[in-house]
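Novice: What follows is the residue order along each chain.
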Amino acid sequence: MTVDIRVRDLVKHYVVAERTGGLVASLKSVFRRRHRRVRAVDGISFDVEPGEIVGFLGPNGAGKTTVLKVLSGLLYPTAGEAVVLGHVPWQRKREFLTQMTLIMGQRQQLFWDLPAIDTFLVNKAVFGLDQEAYEASVASLEDMLELGELLYRPVRQLSLGERMKAELAAGLLHSPRVLFLDEPTLGLDVTMQQRIREFIRDYNEATGATIILTSHYMADVKALAKRVIVIDHGLVLYDGTLDGLAERYAPHKTITLHLEHPVDGEKLRRFGDVTVVDELRIEVRTTKDAAPAATARLLADLPVSDLSVEDPPLEEVIAQVFERDS
Amino acid sequence: MRLMWIAWAFFRSALQQELAYRADFFGNVLRSVIAVGTSIGGLAVVFSHTESLGDWNLAQTLTLLGVFYVIQGVVAMFMSPSLNKIVEEVRDGTFDYILVKPVPSQFIASTRRFVLWHVTDIALGAGIIAIGLGRLGSGLSAGGVLLFLGMIAAGIAIVYAIWLTLTTLVFWFVRIENVTMIFNLFYETGRYPVEIYPFWLRQALTFVFPVAFITTVPAQAITGRELTWLMWAAPIVGVIAVIAASVFWRVGIRRYSSASS
Amino acid sequence: MLAGTVALTKAELANLFQYRIVMFLYALWEVVNPIVYLVVWSLVAGDGEVGGYRRGDFMMYYLVFMLVSHLTVAIEVYTFAPLIQQGKLSPRLLRPMHPSWSAAATNIAYKTVSLIMLVPVWIALFLILRPPFQGDLIGILLFVPAISMAVLISFLAGSAFAMLAFWTTKSFSFWEIWMSLLFLFGGQVAPVAVLPDLARALAIGMPFRYALGFPVEVVLGRLEPAELLTGFALQGAWTIVAAVVFALVWRAGIRRYSAVGA
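From first to last, the protein sequence lines are chains A, B and C.
Under numbering that gives the first Met the number 0, the first residue of the first sequence is numbered 0, with each subsequent residue one higher.
Under numbering that gives the first Met the number 0, the first residue of the second sequence is numbered 0, with each subsequent residue one higher.
Under numbering that gives the first Met the number 0, the first residue of the third sequence is numbered 0, with each subsequent residue one higher.
Here chain A stands alone, though its shape is the one from the complex (with noise of 0.2 angstroms):
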């Protein structure tokens, strides 16, 4: 079995200055500095099949982004090693810089006073695309984004949804095989978002490119990701499927009850964990193994017209991810 992208025991650290705040601080800074060792990513490891969608999360700071520049040959690993399409990325070499892109969500490379359209001039000429395959590429990619007349109004006059679909075009003019996304949908409101998420998902089974995403919106993640890896301090938490993340670190189930008539508060207390939404509506919340007990129990006590059984929310999971690591 062949893999796009493989990773094995990836380390990096770097050193930063540190300073506090105050005049006598600065002054002192001025002679000596003082230095940390940062962990960025510490040992991280695994693979990525081709056409996959794969999100990375974690909370800022988490060695995210830093794996995705290791990735897209950007920064050189302190150890460990690291395979992109057969290519070391750090070796910057042109067929493997042709075949993947990155595109930071929070960075632009578009020129800001000129219409899009004459950025992608540029990279025809720095990815040495013909004639023929230029237009290919911008037909399919206007018709994918619907981008029309947005390709040919200067940058700065579009609105930030606008800009970022221009963006990805741009990054991804060269069909890259290869996509590393940073924060895509960064700042874009929901409807935007959606598009955004719509077209990495038409462009991946258009293309069979393989995709790794970084994003703080679990929506994203969701829509997109069959795959998710959850780093946190540089490491790895968690790498398989999202109903697996909710199985592995949500114990718990919610059952949600509606209810033909209103229940005495006192009654409810003796099945648990009960949370009561308004009169006709409540929730409760069990370990998993006693889920179908506490379900039982529920439909033959009380009044129930209409019950589900239901996984915590994905942001909940997560948040508990990151608490137990802490």
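Simulated from the structure, these hints should not be mistaken for laboratory data.
Please read all numbers here as calculations on a predicted model, not as lab measurements.
Keep in mind that a hint or two might mislead.
What the hints assert, rightly or not - Here are the simulated DSS-like pairs of lysine-lysine, each with C-alpha atoms no more than 27 angstroms apart in a straight line:
#, chain 1, residue 1, chain 2, residue 2
1, C, 169, B, 84
2, B, 84, C, 87
3, C, 87, C, 110
4, C, 169, C, 110
5, B, 100, A, 92
Model the placement of chains B and C on the given structure of chain A, informed by the hints.
Specialist: Just chains B and C now, kept in the frame of chain A:
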């Protein structure tokens, strides 16, 4: 060949960006004219009290001032826009987009931008050279002109090496905005022939920060002063400086890749 | 008001120390240009005299000039104009003090820090050149009002140029024109006494000398009592003019700023 196409694409987009802002052409020309005018005025003040300065007469010194402005114009037109942009980009992180491009980063970093209107500085400088040579009235030989152009080219190569080296420092000192100011600092001494400076300063301006090769040598070549060993050295120094600066750039990139997050 | 300025100056100092290398470069910048003309005029003077200056006098003139030019340099086009251009002036308008006080704080902080860097360089140059100092106590006493007014003229003029940013994005161009004239008539290219007759007459009438070169001439005792008298009268007059222009430009500018609503 491919790099030529890329450079052309950069040139086109830079020109478009320039036009997008419709830079105040006449304002800038006026500014250049006044700056050049006052510095000629300064020369006039000096030469109202003397016939020669370190055995350069007014016409020769004027020619040197012309060379000074031509090179300054070349820097302002081609070098500082691209290289200063790098300093900005390293700070805000968009420099990453240059590193992931399948083209040598030094090439992108050096060719991406230019500012058209500084062509007026070059033209003014050329004008001063013409006036200086006219006053000198010693006539020009084809060989002399060729030698002059060669020396100018060597001077530009050295200036480029200095600029690239200073820019590369940003990989160590991210906060430096105006590190390229060091160039202006030393370049200021190039308004006058290096011969006028005291021994130690003259040595420094020849061997450490080679302003001598940038303005004095080309002016020597065109004003028919005696040929010195500096002229033979200029092209060699130029080539070595550019190679050394390119190596340093690579070290800087390596540092950027291993010391940031 | 004063306490506020002191606090701001402290904060600005802390900020500036982060840019230690840049500061050092700025400080050096003000050394290089006077050195060029120090060299040029020493050479021209040779063993003789030019406009009353001997070789050692030129050295002393440009050494003092270095310090004076450092103390008087206006940086408001770099510090204050961007605030206006980027619409960041509003928070400063909300402070219970005129924004120029905080600009003054930046100015003082910059000069303090870069002076620390400049002084060792200056002492080294002084020890190398060992020029003769011919000033007297009166000159040193008169230097205080002369340099104070020069700093004021520079700051007020620099601020007025910076405030042109209320109307135009090209305030910097105008400032460069001022700087060019300062170079020629302010005593930088040559001491005013060395300028050719016409240029000297112009220099004595125009404001540039009083923002830069005049304190140098005063402290070195190069002026006759009559010259001192007219010099101080003109410097005082130009200080008033600068203050009036500053106030007028500010008032018109702030009206425009409020009207445009940045």
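Novice: For every hint, state whether the structure bears it out.
Specialist: Cross-check of the supplied hints:
| no. | hint | verdict |
| --- | --- | --- |
| 1 | C:169 x B:84 | 21 angstroms, holds |
| 2 | B:84 x C:87 | 23 angstroms, holds |
| 3 | C:87 x C:110 | 23 angstroms, holds |
| 4 | C:169 x C:110 | 26 angstroms, holds |
| 5 | B:100 x A:92 | 10 angstroms, holds |
Consistency note: the structure conflicts with none of the earlier hints.
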